[in-house]
Amino acid sequence: MREVREVRGVRAPLLVFAALALLVIAAPGLAPYAPGRQFDGYPYAPPMRPHVIDAAGAWHLPFAHPISLADPIERRYVEDRRARITFASREPWFLLGSDALGRDVLSRVLTGARLSLGLALLSAALALAIGAAIGAVAGYAGGWTDTWLMRIADLALVLPVIYAVLALRGALPLVLTTVQVFTAFVAVFALVGWPSAARGVRGIVVVEGRSGYAEAARALGASPARIIARHLLPATRGFLAVQATMLVPAFIMAEATLSFVGLGFAPPTPSWGVMLTDAASIRTTADTPWLLAPAGAIVLTVLVIHSVAHGRDPLLDS
Amino acid sequence: MARYLRFHILLLAIAAASACHRSAPGAASPAGGPARGGSLTASLRSEPPTFNRFAPTAAQAPVDAVARLTQATLVRVNRLTGDPEPWLAERWTTSADGRTLTFTLRDGVAFSDGVPFTSEDVLFSFRALYDPSVGSVLASGVMVQGKPLQIAAPDARTVVVTLPAPFAPGAALLDNVPIYPKHLLQAALDAHTFAAAWGVTTPPATMAGLGPFVVSEYVPGQRLTLARNPHYWRRDAAGVALPYLDRIVVEFVKGQDAEMLRLEAGSIDLMTQADVAPENISSLRRLRDRGALQIAEPGVSVDPILLWFNLTAAAAAKNAQARPYLQRTEFRQAISYAIDRDAIVNTLYLGAAVPVYGPVTPGNRTWYADSAPKYPHDPARAAALLAGLGLTDRNGDGALEDAAGRPVRFSILTQGNHIRGRTAAMVQEQLRTAGIAVDLVELDPPSLFGRFGSGDYDAICYGLQTSAFDPALNLDFWLSSGSNHVWNPEQKTPATPWERAIDDLMQKQAAAPALAERQRLFAEVQRLFGENLPGIYLVSPKVTIAMSRRVGGAVPVLLDPKILWQADSLYAK
Amino acid sequence: MTTIGFLARRVLAALALVFVATSGALLLAQLAPGDYASQFGRDQAQVAAERHRLGLDLPVAQQYARWLKRSLTLDLGESFQYQRPVTALVAERAWNTALLAATSLAVATLLGIPWGIVTGSRRGVLIRALRGVSLLFLSIPPLISSLTMLAVAARTGWLPVSGMGGVSHLVVPTLALALPIAAILERLQAQSIGDALATPMALSARARGISRRRIVWRHAWRQSLGPILAIYGVIVGTLFSGSFAVEIVTSWPGLGDLMRQALLTRDTYLVAGCAAAGAAFLAAGVLLGDVLHAVVDPRVGGA
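Chains as they are written, first to last, in numbering that gives the first Met the number 0: chain A, 0 to 317; chain B, 0 to 572; chain C, 0 to 302.
It should be emphasised that the hints constitute simulated quantities derived from the structure, not laboratory data.
Predicted model only: the values in this text are computed from it and were never measured.
The beta-carbon is built from N, C-alpha and C at its ideal position, and this holds for glycine as well.
Among the hints, erroneous ones may be present.
[What the hints assert, rightly or not] Incomplete in silico selection of chain B near chain A, CB under 7 Å:
id	residue
1	Leu137
2	Ile280
3	Thr346
4	Gly350
5	Ser410
6	Glu428
7	Thr432
8	Ala433
9	Ser446
All chains should be built: construct the whole structure from the sequences, respecting the hints.
Here's what the structure looks like:
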């Protein structure tokens, strides 16, 4: 029964995941505008609804009515219902509104997806791989190996990461390329992320290692590596899936924190974390909710990761 | 000793209690005018690390804010007019050569512990100010041509201040020197422990001041409660003893958002660092229309945002080969023309700012010279100036290249997650359309100051705070030897002819007695600055200040502390 | 191994962790660009004087040696910005953070574990909704959730918005901190109970006709706590660093706020002091997790 369910469930999330991956790769192409482009006089423009029927009742390809800023301080826009614009027009069409600099939020979310998701997914994968390996070794070996590895994990957890980043930033040249920043981030995040995974995996491996089948495998002369890989690590899969679900959103936001101490993608390169932190003001959530679009994107991502990691579809099957 | 002290505290308590008692029946004033009693709550974004204004600390703003509430100076600069006015000194005379100021101290003034205030306290305070063992950050600001003032006290009520050279602002200098009680701090100064005296954990009863309030309770990380100084010497026009308020509670609230929330919720009455971000103005106006808040708009800020290039000799040597244009005046002029300041004002500031072209903003009414050069947005002139430097688009990619085909490119350091950083982002995009590539580097302030200190940067986009309207009090910025001469600080001799000219004009300006003459000289300085453009000034916000409707008697101004500068006249409605 | 010997070793290890973490923080601080004195403004003479006064002009090794010598007498130096002993500063803030952390942990545990047991062992529309909520809590950044809660508190006037005071002041920061952790615990617990129900023992019990509910509440939940307790300590340890955003937004005068301030102003000894407190929190958390683990599942030894 269980197997049947997994086969049925695995397909939908994989499809979603594939679609998301495609979207991420194609995103910069899908973005209607360059992510850094600033439309003067369009700060905090609200999302502009697409229409297909104009005021006279005639049908058109999707279009929007142009808007203009009527009251800057109030951020009040008026819509010109007689005119029609598309993405090719001189006036901007903000499907998801604009930010404080008059930049298109949709374009920035789409373009930012590649960096933010790539970074978070890669870092999480690396952190979990390291954590799982170390945790498994510690849990299997026990004794001093176990003690020392866990001490190192604790140490990695409590060191002030920001200082490590500041030190790293000081050692790097003033102007950094995207690749340099990306690499630095992955290294820092992997360093931060592995200890909690290692602790959890160790806990599970200790319990599983004393269960019947691991003992049996040992008695049959299986090598430690084989026992770990075949018998012990599979038991941690569920735990690691949960960890992945936690780490990815955390890393997306951490990128923003670190960018304020100088280790960030060079502006105007968009990233979800920086967009959200820029928007994280109470007046923003109340008056300009569209700036929280990256939060929606993060929630969607977590949902997909969760379903892929569990091989289940969270919406169809709990 | 301890018994004496306890007795003293008892006296204080009685005095305070009787003062309250007396005020209570008369508190209800008919026309809703000032009434004695009540309390107001102010927020402060960072905690004061000490109650000692002379102590060396990087956290100047909160220490100054508390010092202005608990201490007093001989002379106070009226933050509204910019003129010095009698304070602890009831009057003063200036000698014919402008170098000797004779102050007559107010009679019958006592510290909050009841001990009379005399000229000895003034002498003591200046001694502490200049003492090397104290290391006060204030000292360098209370000097003329790098030399300390000479202070003498012929009798208990007279203080004679001799300036090393004629100095037009004269008495205004003394606005920076709070007078501390000699009887409480002499021992610390003698023992070279003055810098550590009056830390935040000092028992309040062992401190005393001449300001309207005294420290009554300090809760680390949370709040500072200030109570009425029962011995405060000022009275209002009707003869009522000031301050009106029984208490000011200062809540430490980190982050502007949290601060705004509390103001809206009514849990604070005013913000000490009082200005409001442009995107918050609309919701505050709605609250004002409902009668919950009052809003004041004192004018254009005197703290503009600017972009400056690294013009030090080291930078010139480094860029001589590849990017000599970074040191050229024409390049800076071109940048200035290429920047669309109106777009920054209309987009980023939602219209609540004005374009500025020099360090003196229209908010500084006495000293702003409208005749200084302006650089309105003019892409054609920018392109022409750049072409004159040999920087043109040689390969048709839309970006400029130098004669060797290298793209025109430089980096701007700025502060992340701040309106300065966002302004820099707009400049970056505008320069991109002009064909100039900018690498924007966002750093936290210490890292930024570190890079600035080591001269390791191309350009910086930041703000420089102005603490006084009078340019003679900002010589540190104008003189080539000044440490605030940010583009090329602390020069031994002026590096350029125009810097030499500005040095001469500023020295003359600072010494000239007549205001009209000083204004004329300073207009000339602003012209020279505008022509040579060592700093490209961008925009200056229009200041908006919000307070709860309970705050009475406030006169919001452009200079910090914008509301609390006349705390003794505030009252609770 | 005796219990006392076990505890003694753990306490020693905890002390060692505190020491190494603190030293590490101190040395890292030296590598970061800019120092406390550099914020004194642009007057380089003044900056140099201040650097000298604070001993920041000494070589790193010498600074460290000085600090080490003093730390033997439990003197962790003086904060540059607060001009007070680091130990006093950290102690007064640690209590506030401990209060907040303990309440949040209790709320998160009492909420998250039963939540996970329910969602991991049952199915249905309601369960799906519950799982969706936990995913949402997990993916909304705490900065945004705490600001939103604060906004609600401010607009409605139900709860105080600032600082410390009575129990009511605890509500907003506790919820902001506890909900994401409750969501993490729910995730782990649901996963774990699902695994426990799939073990041969549980399946055979089911085949023998024992009700699902009885298996869950009598046997499986106890077994399923293992993985959670294994990282319970880590959660406790990171509570205080995770409370950065919450403490700042809600003006809770705790360690997270102090550490952030210290980091941003390069208040070296204070950073080290905060790291020490963080390490102590973590060690205590890990110990707590292990002890609970040993109580629930006696097969496990501690590391």
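Comparing the hints with the structure gives:
{"no.": "1", "hint": "Leu137", "in the structure": "30 Å, violated"}
{"no.": "2", "hint": "Ile280", "in the structure": "5 Å, holds"}
{"no.": "3", "hint": "Thr346", "in the structure": "5 Å, holds"}
{"no.": "4", "hint": "Gly350", "in the structure": "4 Å, holds"}
{"no.": "5", "hint": "Ser410", "in the structure": "5 Å, holds"}
{"no.": "6", "hint": "Glu428", "in the structure": "5 Å, holds"}
{"no.": "7", "hint": "Thr432", "in the structure": "10 Å, violated"}
{"no.": "8", "hint": "Ala433", "in the structure": "14 Å, violated"}
{"no.": "9", "hint": "Ser446", "in the structure": "6 Å, holds"}
In this structure, the hints that do not hold are numbers 1, 7 and 8, in rising order.
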